[in-house]
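Use these hints to put chain P onto chain L, whose structure you have.
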Amino acid sequence: MMNQTLAIFADAYRELNHKKLFWITLGLSGALMAIFALFGVSDDYVTFLWYHWTNVFGLTPAGAYRVIFSLAAIGFWLTWGATFLALVSTSGIFPDFLTAGSIDLYLCKPIGRLRLFLTKYFAGLLFVALQVTAFSVVSFLVMGFRGGIWAPSIFLAIPIVTVYFSYLFSIQVFVGVWTRSTIASFLVTALCFLLFFGVHWIESRLLMLETTLHSQTTFLDGRLKSVEGRIAALDTRPAGSTEPASTRLETALRQREELRARRESVDTFLANIDFWHNILWGVKTVFPKTSETVNLLDLYLVQDDEVPAVVPRRGRFQTPPDPEDPANVEDRTAEARAAAVAVRHRSLGWVLGTSLLFEGVVVALAAWIFCRRDY
Amino acid sequence: MNASELAIDLAHVAKTYGGRVHALQGVAMQVRRGEIFGLLGPNGAGKSTLVKILMTVVRPSRAEGYILGAPIGDKATLARVGYLPENHRFPRYLTGRQTLTFFGALAKLDRPLRHRRAAKLLDTVGMAAWADRKVGTYSKGMMQRIGIAQALMNSPELVLLDEPTDGVDPIGRRDIREVLTRMKQEGRTVFVNSHLLSELEAISDRVAILVQGRIVKQGTLDELTITKQRYEIDVAPAPPLEPIALPALARAAFPAIAWQTREDGVLRGQIPDGPWIELEYSTFRLGTIDPITLQPILDALRVAGLIIRRVQQVRPSLEDLFLETIGGPNASHAAGAALEVAGVRG
Numbered sequence: 030m031m032n033q034t035l036a037i038f039a040d041a042y043r044e045l046n047h048k049k050l051f052w053i054t055l056g057l058s059g060a061l062m063a064i065f066a067l068f069g070v071s072d073d074y075v076t077f078l079w080y081h082w083t084n085v086f087g088l089t090p091a092g093a094y095r096v097i098f099s100l101a102a103i104g105f106w107l108t109w110g111a112t113f114l115a116l117v118s119t120s121g122i123f124p125d126f127l128t129a130g131s132i133d134l135y136l137c138k139p140i141g142r143l144r145l146f147l148t149k150y151f152a153g154l155l156f157v158a159l160q161v162t163a164f165s166v167v168s169f170l171v172m173g174f175r176g177g178i179w180a181p182s183i184f185l186a187i188p189i190v191t192v193y194f195s196y197l198f199s200i201q202v203f204v205g206v207w208t209r210s211t212i213a214s215f216l217v218t219a220l221c222f223l224l225f226f227g228v229h230w231i232e233s234r235l236l237m238l239e240t241t242l243h244s245q246t247t248f249l250d251g252r253l254k255s256v257e258g259r260i261a262a263l264d265t266r267p268a269g270s271t272e273p274a275s276t277r278l279e280t281a282l283r284q285r286e287e288l289r290a291r292r293e294s295v296d297t298f299l300a301n302i303d304f305w306h307n308i309l310w311g312v313k314t315v316f317p318k319t320s321e322t323v324n325l326l327d328l329y330l331v332q333d334d335e336v337p338a339v340v341p342r343r344g345r346f347q348t349p350p351d352p353e354d355p356a357n358v359e360d361r362t363a364e365a366r367a368a369a370v371a372v373r374h375r376s377l378g379w380v381l382g383t384s385l386l387f388e389g390v391v392v393a394l395a396a397w398i399f400c401r402r403d404y
Numbered sequence: 020m021n022a023s024e025l026a027i028d029l030a031h032v033a034k035t036y037g038g039r040v041h042a043l044q045g046v047a048m049q050v051r052r053g054e055i056f057g058l059l060g061p062n063g064a065g066k067s068t069l070v071k072i073l074m075t076v077v078r079p080s081r082a083e084g085y086i087l088g089a090p091i092g093d094k095a096t097l098a099r100v101g102y103l104p105e106n107h108r109f110p111r112y113l114t115g116r117q118t119l120t121f122f123g124a125l126a127k128l129d130r131p132l133r134h135r136r137a138a139k140l141l142d143t144v145g146m147a148a149w150a151d152r153k154v155g156t157y158s159k160g161m162m163q164r165i166g167i168a169q170a171l172m173n174s175p176e177l178v179l180l181d182e183p184t185d186g187v188d189p190i191g192r193r194d195i196r197e198v199l200t201r202m203k204q205e206g207r208t209v210f211v212n213s214h215l216l217s218e219l220e221a222i223s224d225r226v227a228i229l230v231q232g233r234i235v236k237q238g239t240l241d242e243l244t245i246t247k248q249r250y251e252i253d254v255a256p257a258p259p260l261e262p263i264a265l266p267a268l269a270r271a272a273f274p275a276i277a278w279q280t281r282e283d284g285v286l287r288g289q290i291p292d293g294p295w296i297e298l299e300y301s302t303f304r305l306g307t308i309d310p311i312t313l314q315p316i317l318d319a320l321r322v323a324g325l326i327i328r329r330v331q332q333v334r335p336s337l338e339d340l341f342l343e344t345i346g347g348p349n350a351s352h353a354a355g356a357a358l359e360v361a362g363v364r365g
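So the sequence lines, in the order shown, correspond to chains L and P. With the working numbering, the residue at position 116 of the first sequence is 145, and numbering never jumps. With the working numbering, the residue at position 329 of the second sequence is 348, and numbering never jumps.
Just chain L, with the same shape it has in the complex:
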C-alpha cells in the first residue's frame, strides 16, 4: 500500500519538476526574499541598497522586518502572487490525469478508486507545500540575519499556506473532475478565489464601520451625559416656570437636541450595517476563510500593536471634529486597528473548522464523481 502512495507522490514531484512554472515561482520567491534582505532598518533610518530614509514611524528593526514580512510576503506574495501561479500550475493535474488512455493505466491497477483519488489529491498539494517550505527556510534566515528575529514560528507557513491553498485546490479538483477541462478548472477557481476575497474584504470593512459606529455611540452618549449635566447646572428655574432660559442654557439645550438627532441617525445606520454584516457573516461561515487562514501566520509573527491599520475615509456618520474631545474624534487609526485585531482573533475553530468542512464537502463531491464515472 505504501509503495503505491509513495509512487504517486514521487510521480507528482517529477511532474512538478518538469513544469517550468514551478521553477519560475520558486525563482520569484527567491527574488522577493532577496529584495527583503536588502532592506536595512535602524532606530533612525530605513535603508534599501544605497538609499536611506528617516525612520519616521519609529519602527524597531525587529518590528519593521515583521511588518514588511507580514505586508509583502504574506499579504501580497503568498496570498496573491504565489497563489495565482500555483492555481495556473495545478489546474491541469486532474484533467490530464483523467484523459482517456491515461486514467485507464491507473484504474487497472490493484488500487481502489477512492484511495487513488485521495492520494492524487494530496499529492497535488505538493506544489504549494514545496514552494512554501523553500520560502519559509529563506525567510527564516533573512529575518534572523537581517532583523535579528529567529522565529521558528515562520515554519507554520508550511501547514497554514498548504491548508489555505487546499481550499482552492478542492474547487479546482471538483471542476477538473466534473468538466475534465483545464481552462474551466482554472477560471472557476480563480473566480471563487476573487469571490472569497471580495466577501472577506466587504465583511471586514463592514466590521470596521461597525466598530467605528459603536465608538461613535459611546462618544455621543458621553457627550450627551456631559451636556445634560451642564443643562442641569444651568437650569436653575423652578419647575413649571415660564421664565426664558439664559443664552448659555439655550445653547446647551440646542446641543442636546443635535446630539440626540445624531445618536438616532448613527443607531439607524448601525442597524443597517449590522443587518448586512450578519448576512455576509453567514455567507462567510459557509465559504472557506482564505484571508483569515493566511492571517493565522501573521498572528504568530506580528503583535497586535504592530498591526497595520487601514483608516477609513471620514464619512458622514463619523463624528465631526469636536474641539472638546479632539483625540476621540481624530484618532480613527485606533478604531481601524481594533477592527483588524478583531478579525485576527477570530476563533481558530471557525476559521479552520468551517473552511475544512467546505473543502471536505467539495472533495467528497469530486470523489463521488470520480468513483462513479466510466472512463
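DSSO-like mimics (lysine-lysine), calculated; alpha carbons at most 30 angstroms apart, straight line:
| id | chain 1 | residue 1 | chain 2 | residue 2 |
| --- | --- | --- | --- | --- |
| 1 | L | Lys149 | P | Lys159 |
| 2 | L | Lys149 | P | Lys153 |
| 3 | P | Lys127 | P | Lys159 |
| 4 | P | Lys127 | L | Lys149 |
| 5 | P | Lys153 | P | Lys127 |
| 6 | P | Lys153 | L | Lys49 |
FYI, nobody ran anything at the bench for these hints, they're computed from the structure. This structure is a prediction, so every number in the text was calculated from the model and none was measured.
Leaving out everything else, chain P in the frame of chain L:
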C-alpha cells in the same frame, strides 16, 4: 470445462450508456488458461468497453462472470492481470524506465523487484537503448513496446492487450507477435483485441467475434470455419472446346444433379449422398475436405473431358469469417457507424 481452467469466464456482461445505448448486451465468453485469445469486431461493437469492464475502468450495468476465479470488479485480482489500453498516454515527463517502475509500484511490486523487472522487460521489448529517454520523445512504435512491457511488469497470469500493434511498423508488429508467443510459452493467458485479422489469425488459439454488443461466434478457427472448408478444383475444357462449354460439361459429368443457376451466375447443385458442388467460371468448389470423397468426383470430371489444372484444399481466412459474420465487406462500416452516431466506440 472446469472453471479453474478458465482465465476469463463471462456468463452475462451488459453495459448501457445513458439508459438507451446498449454497448454490450449480455456477453458470454470463455478464455482458457494459457491460450492466446483474439477478440474481433467492427468499430463500435463494444470490444474496448468489454475489456475496460474487465479492468474496472468502466462500470458494468450487469456483470456475471469471473477473472482468474474472482468476480469481475475484484481489485485484488488485478495484481495478477496486465493491461495495455488502446491509445495509452504515459506521463511525458517520465523516462521509459521510470514509467515501468512507476506502474510497477502501482501494481504493488517492491522496489528491488520492479527495478529488476524493468531492466529485463526493457531488454525483452527492445527498448534498453532508449530506457533513460523521456517518453515524450518516443515514436508510436516505441510507446507500444513500453506499453507492453508495462503490462508485463507484475508478471501477470492474464494479459489483456487492446490494439497492441496499433501504429507499429511491420518489423515492430513481428517483434510484438514474438513477444505474445513468448508470453504464451511462459504459461500466460493472452487476450488480444485487435483489428489486424491476419495477425490474430497467425497467433490466436481461439477467437470470438463481437457484433453490436453480442458474441456471435467463438472457438478455434477450425471449429468456426469447418462448414466453409472446401476443395477448389481449377479445370479447363479439353481442346478444341472453349471455356463457355464448361457448364454443359459439368452437367454431363454429374447427370444426377439438379443444377441451379444462382443470380450471380454460379452453377450450384448437390451430389446425391455427397457434398454440394459449385462451378464459378473455371473453378469447381466442393463442400468437403475429405480426399476420399474427392477422388470419384475428379474421375467424373476427367471422363467428361475436363483437364484438371489445380486441386487445393481451402480453409476460409479469419477475414473471410469476420466479414461473413458481420454481413459482408460493407457491414463493418455500417455496424460501427450505428454506435458512433450514439457516441460510443468499441
